[in-house]
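Engineer: If you read the sequences in order, they're chains B and H. Mapping the first sequence onto numbering that gives the first Met the number 0, position 127 (from 1) lands on 126, and the numbers just tick up by one. Mapping the second sequence onto numbering that gives the first Met the number 0, position 56 (from 1) lands on 55, and the numbers just tick up by one.
Everything labelled a hint here was simulated from the structure, so no lab data went into it. Among the clues, some could well be false.
These stretches of chain B come out as covered by chain H in the derived footprint (C-beta under 8 Å, 3 or more residues) [stated by the list, open to error]: (1) 39-47; (2) 51-59; (3) 146-152.
Beta carbons: idealized from backbone N, C-alpha and C, even for Gly.
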Amino acid sequence: MFRSLAEQIANSNLSLILQNTSWVVPLTQSIHIVALSVLFASVLMISLQLLGVGARSRSVSQVAGTLLPWMWRALLVLLLTGMLQAFIEPVRQFITPIFWFKMLLVASLALLTLWFSHTLRANVAAWDAPATRPAVAKLFAVVSIIGWSTVIVFGRFIAYVWADYL
Amino acid sequence: MATPEFILALQDSALAVFIRGESAGGEWAFPIVETVHVMALAVVYGSIAMVDLRMLGITWRDVRLSKLADEVLPWTWIAFLIAAFSGSLMFIAKGDIYWNNLETRLKFLCMALAGVNMAIYQFGMHRRVSEWDLRLPPPRAVRLAGALSITLWTGVVFFGRWIGFTTQ
């Protein structure tokens, strides 16, 4: 099912044009890497602050307030460049289960971050003081670091794992 | 420019053979090293970008530049060492090809220029950082250093990705 869909996309006129323009794929991948760097560094900085390893002079709400907008912007760029890559090389992406695991993970982590953003905004005072910060804050931080790291690993391995059983 | 002898010798080492995936158990060596490199470069680029954007007065406006740099840059250096180490492992696997590759040279040129830019800032404006630390927008020379830095590091990432397409 995925293979026939992928082949249909790959054989469309626009996809064929882009496949034959040598600089398009490296360019979209480069932008993808720049955006993932912004996202990953933001995730680490917010998470370290939640774990109490970050700067003592800054509060969680200050760090998250500065970096969450950058995370969402980066995620938007990642989605656009990722969709373009899937459109140009659909077979390579769709037949690998790793691609679908990655998509599932990205969606879950984005929802989790949305939850964090809303919970934080509703309880700024409690989250800013280490003494009253809910225990779930540390769990969120650890899940974020491991989750987004896994997304990067999966992303790189899409290029290598060609398990054609989808 | 002829490839230096030591690069050719390294390319024949057991380690290089292993990373190329030509010896037993090495099938996944290159992808794994590459993945480590991507994660490390993400921290390098992301953390430098944060400081650069502060130098441009775009973000972290309520935080002193010197303070942000002191907190963030140690992580940058740790990640840079990991990126340099994993990058060297990939380099020795195909040293001859990378040495003669235009994108590899441009990548190192960008990195060298980024280093020069950083040194000029460090020994120039940064020595009097407390005088302008909270001024917004930051002094013109600081904004220029920030703009150059993010441009050159973006060049490093772009040429780095291009290497993968021009050395196959």
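Engineer: What hint numbers does the structure not satisfy?
Structural biologist: As far as the earlier hints go, not one is violated by this structure.
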